[in-house]
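Q: Since chain X is already given, all that's left is putting chain S on it; use the hints.
2 protein chains.
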Amino acid sequence: MAAPSEGDTASLLPDLPGGPLQAYRARASFCWKELALFLEGEDMLRLKKSIFSALEDDPLFARSRGHELSLEKHRELTFLRCKRVLGRALLRVEDMVQNPLSVLTLITCLGTYDWSLAQKFLLHLLVFGLAIYKSGSERHLEYLPKILNMEIFGCFAVTEVSHGSNAKAIRTTAHYDPATEEFILHSPDFEAAKFWVGNMGKTATHAVVFAQLYTPGGRCHGLHSFLVQIRNPKTLLPMPGVMVGDIGKKLGLNGVDNGFAMFHKVRIPRQALLNQTGDVTPEGTYVTPFKAELGREIHALVSGSKPLASWTAQRGIQECREACGGHGYLAVNRLGDLRNENDPNCTYEGDNNVLLQQTSGYLLGLLELRLQGGARLESPLGTVDFLEAYPDILDQRFSCPSVAGCLESSVPLAAYEWLVCYLLRESVQKVNQEKRSGISDFEARNNSQVYRCRSLALAFLELTVVRTFHEYVHQPSVPPPLRAVLRRLSALYALWSLNQHTALLYRGGYFSGEQAGKMIEDAILALCAQGSPWRFAGVARHTDFVSQQLKDDAVALVDVIAPPDFILDSPIGRADGELYKNLWTAVLQEGQVLERASWWAEFSASKTHVESLKSRL
Amino acid sequence: MAAPSEGDTASLLPDLPGGPLQAYRARASFCWKELALFLEGEDMLRLKKSIFSALEDDPLFARSRGHELSLEKHRELTFLRCKRVLGRALLRVEDMVQNPLSVLTLITCLGTYDWSLAQKFLLHLLVFGLAIYKSGSERHLEYLPKILNMEIFGCFAVTEVSHGSNAKAIRTTAHYDPATEEFILHSPDFEAAKFWVGNMGKTATHAVVFAQLYTPGGRCHGLHSFLVQIRNPKTLLPMPGVMVGDIGKKLGLNGVDNGFAMFHKVRIPRQALLNQTGDVTPEGTYVTPFKAELGREIHALVSGSKPLASWTAQRGIQECREACGGHGYLAVNRLGDLRNENDPNCTYEGDNNVLLQQTSGYLLGLLELRLQGGARLESPLGTVDFLEAYPDILDQRFSCPSVAGCLESSVPLAAYEWLVCYLLRESVQKVNQEKRSGISDFEARNNSQVYRCRSLALAFLELTVVRTFHEYVHQPSVPPPLRAVLRRLSALYALWSLNQHTALLYRGGYFSGEQAGKMIEDAILALCAQGSPWRFAGVARHTDFVSQQLKDDAVALVDVIAPPDFILDSPIGRADGELYKNLWTAVLQEGQVLERASWWAEFSASKTHVESLKSRL
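Protein chains in written order, with UniProt numbering: chain X, 1 to 617; chain S, 1 to 617.
Isolated chain X (complex conformation) (with noise of 0.2 Å):
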């Protein structure tokens, strides 16, 4: 792809201000516009203008900067906001059928802009949306466009209190009662109520409640989900027989309302069971059609990335709120809530150490088959098949003679394939040993989380990304101006990534001498300096590779995936640079800035008296 023409980009990715970031941009190796229209293409780039222009140009979703939002308004807006973006229909239904990926980014954008939104709407269309299409039949299709249109509010309700990731311990129940052809819904005590339901705290008037299912005679069948009304939409007051509530404020995203239910012995039709996997018959039989066979591959990819994607971005968050000094510790500046808002990644929808255990699981399942002398180790997306050569991969040797040499990403990428033999190995050796204790093996499992099969799931989620990387910045089509800025980067994250991992490659011999981690860390600090005049010592001067790094790139990369500053809504983030002048704008906007404090008279009223101070000092 060429370097795009004026006509194609600038209404799409129209120029930024000048100020103090010229410099910085000036010193770029690459065309920030011509990376944003080869990583995004141009569908995407004019579908995300258009979601953001939508959001800057309706005062709904004007920022409201200087008020302080009780929790009550914070939902309401959240909820109006929510209405207007399903009402302005940002993203058309055959869109979103013909190209899924348009669905993650209009829920993106709207996330950019406030992941309390995203969240809100993500819980009502796709969460409780997909469920009823993906788990229902099709006696509940009339409900989609109810969805659609916003007759009906939904959310999806796995966790109890006492419950959270171990979905298998859920309590609440759905008795089967053939005299009437209902499920007779029950939560047994308080520890069994639905809790932290994102919409159901005010909003939601219907949900999907997992409860276990008993058929008459007292059998149980497990869990399965129930379409169950709990509110009234007309007065959003609750149905009889369900006791709902908030849960309260929370660190942050508190635009969703999160709540509780309990249910006493609700009735609700037979035909409420969402009844793919398994149906009852009106006279109480438990029927099941066909067993849903899962993608592992995909299961288990997902599980680690959920875990190493979150705690990344904790991380970036707070080493960039510290980078910004007391700046970043500026509400209005909102490095707090990027930080807030990421925060529950880490443990919703499963915590990030119990869904380690699902990735762990599947690579110690795939090799105990081969050892067990299983067919050949591949797998349809073909992330595992590099372990066909396990034993081979365990004898390699870290093998780089110069720094110069590590700047690329296949150097860590071989690292890490011997990384996660090494660890396979471990966590193989560590679970056999636990078991020969004489421990049950959930006990094994669980005793060898800690340095091993827990290491292991992470380093082959991160392995999984560097080839990733790897490969698609050395796919032919990306532009030759953009290879050496995409490969350094590539190089960059592979290398910081591994270097987290010296100590294991040491240990296990994949490393040996001070150079090897010397090199590592060199590299690293490579990559990140300034191009010119170039003098990192122990790398080559001329090598065309090494003559700018990532530093003069740094601004100009930001700018490719920077969302708008409306958007963003930091003042000392702006395009502009002027962070110094944005803050004091935005500090003098705060309500009651250089007011006196209302309280003033406090102040000076009934002075305590300390006894006889003078005297003494």
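One or more hints might be untrue.
Note that identical chains are pooled: a pair holds if it fits in a single copy or bridges any two copies.
As the list claims (entries may be wrong) - Computed list of lysine-lysine pairs in DSSO-like fashion (alpha-carbon distance at most 27 Å, straight line): (1) Lys73 / Lys249; (2) Lys551 / Lys518; (3) Lys49 / Lys265; (4) Lys48 / Lys306; (5) Lys146 / Lys518; (6) Lys518 / Lys265; (7) Lys234 / Lys265; (8) Lys551 / Lys430; (9) Lys435 / Lys168; (10) Lys168 / Lys581; (11) Lys234 / Lys48; (12) Lys581 / Lys249.
Please keep in mind that the hints were generated in silico from the structure rather than gathered at the bench.
A: Just chain S, lined up with the frame of chain X:
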């Protein structure tokens, strides 16, 4: 010290409530009351109890659960509480003077209740008050009783909007005018406004202001501090020429009113100069009586302690918040408050990374002096004395034959001494290499921070903590029943901390072979394990030391350091361990939990109509 008799401790350390934690408490290897008495001493326990009880008994300190505080109300409440604390004289002036540690106890107790209150109190009484006492002279003593009875309220104004940790770059000026015997205090522009000053936003009547002192003829004598009245104590209105305001909401600590001020040629008397280190005669001659020689070792230790402590706390709080899952994310449980109120410790009073340079600079300077043939390497507190054996230590190698041998803090202590020597050598080499490339000393030092000087400073501080902990738990005065648990804690901290540096231990050759690194990990796991039945692989079963490990002591250890329930104010953290019951009680006390939303009518109002969806679905 014998185990405390019932009479001694019944009132100071009442029994804890029964409940689900009782079974865990019964497993402890020691008596929690005995440890509390040993750690704190009876006097401190009594002081803490009197402070905590005073807060709990006074309705002004009632917890405001279920009510959202506006910024204005939060600040008013914190001010009133601060006034009450001073008025109640929880600690007598004589006691503060006799035992300065008691002041720390008071601040810590107030902070455990609410760090906004502690900060407000600390900034006024100690930071502002001590600045006048220490930097002023006889002529300023008249202010001290006014501070104690709050006739005036103080703040400490160093930071400017564009200069935080770099105090030398401050641009506020104080020109002396001999005609009127006044200084003219001036802020040249908005970037030089004082900013972030705690208590300045709404309450301070006086400020200690740092400015560049100029005498007639234009000579600058550097940074000096001046006592400046910024508001009228009767009206809290600003003094003429002072623009003073509130910088707005922060990520936490919102009971403290951080503020800004610009001075427009404000005239203050000559005597307002805090003249301990330099004065100006009525005619305008600058005179300096002596140089304030700083305790360099203490400075180096303090500059490294704050980073180590604040980062460790931040990491620990985040770990606890995640370990509590969603409930840790619920505001009422207050892990968010802990995190947000610790967060600024990472950057204020000197950014952590900047401060660490003070510590590494001290060590590099000492070594340079020694290598130039200077005197023996030693310091008043002895923290660097081991460096005298620098070359010999570098020749040492890890020599611990078994995991059981690693369960003592002497093993990591020896490794730390090697590590600091290694990082010192690496840092010196790096700085010299940078200097040889022809850049300035400042740049050379900057370029040597990552992986070298920064790691050195942290490792040195960790070594100091590990050594202090080790010596503390091995002193003969430790009651025999407490020895085992304290030594295990010391070993766990040391090994856990050291384990972050395993890569360097291998790289520099202190560790070799697979076993060294594994032993450290296994020792950490063994120390965290449950005592009985003892089945941790690789560790002898019958030694007394390992027969009971820290998992069994965990709850009792928390009992030793935990503040009373009222002070902690966290439903999931109450001493009775009834977390779900307490959580429900708290959630149901919040405002409008079960009421429908006040904006319920918006739900059905003007329904959105997405174009004829039904046909398509």
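Q: 27 Å Cα cut-off: does lysine 73 pair with lysine 249 within a copy, between copies, both or neither?
A: both (13 Å within a copy, 18 Å between copies)
Q: Quick one: lysine 551 to lysine 430, C-alpha cut-off 27 Å, is that within a copy, between copies, both, or neither?
A: Between copies, since 21 Å is at most 27 Å while 43 Å is not.
Q: Within, between, both or neither: how does the pair lysine 234, lysine 265 come out at a Cα-Cα threshold of 27 Å?
A: within (23 Å within a copy, 64 Å between copies)
Q: Between the shortest in-copy and the shortest cross-copy C-alpha distance, which are at most 27 Å for lysine 146 and lysine 518: within, between, both, or neither?
A: Close neither inside one copy (61 Å) nor across copies (59 Å); limit 27 Å.
Q: Is it within a copy, between copies, both, or neither that the alpha carbon of lysine 234 lies no farther than 27 Å from that of lysine 48?
A: neither (35 Å within a copy, 55 Å between copies)
Q: Evaluate lysine 435 and lysine 168 at a C-alpha cut-off of 27 Å and name the case that applies: within, between, both or neither.
A: within (24 Å within a copy, 63 Å between copies)
Q: At most 27 Å between C-alpha atoms: does lysine 518 with lysine 265 qualify within a copy, between copies, both, or neither?
A: Neither. Shortest intra-copy (66 Å) and inter-copy (55 Å) distances fail the 27 Å Cα cut-off.
Q: Since the copies are identical, ignore which copy is meant and state whether lysine 48 and lysine 306 lie within 27 Å (CA to CA) inside a copy, between copies, both or neither.
A: Answer is within: at 24 Å inside a copy they meet the 27 Å cutoff, but 44 Å across does not.
Q: At 27 Å max between alpha carbons, let me know whether lysine 49 reaches lysine 265 within a copy, between copies, both or neither.
A: neither (49 Å within a copy, 49 Å between copies)
Q: When no copy is named, should lysine 581 and lysine 249 be tagged within, between, both, or neither for a Cα gap of at most 27 Å?
A: Cα proximity of lysine 581 and lysine 249: across copies only (18 Å, versus 33 Å in one copy).
Q: Pop the pair lysine 168 and lysine 581 into one bin, within, between, both or neither, using alpha-carbon distances up to 27 Å.
A: Intra 55 Å, inter 22 Å, cutoff 27 Å: inter-copy only.
Q: Could you place lysine 551 and lysine 518 in one of the four classes (within, between, both, neither) given a Cα distance threshold of 27 Å?
A: within (21 Å within a copy, 38 Å between copies)
In summary, the structure is inconsistent with hints 3, 5, 6 and 11 from the numbered list given earlier, while agreeing with the others.
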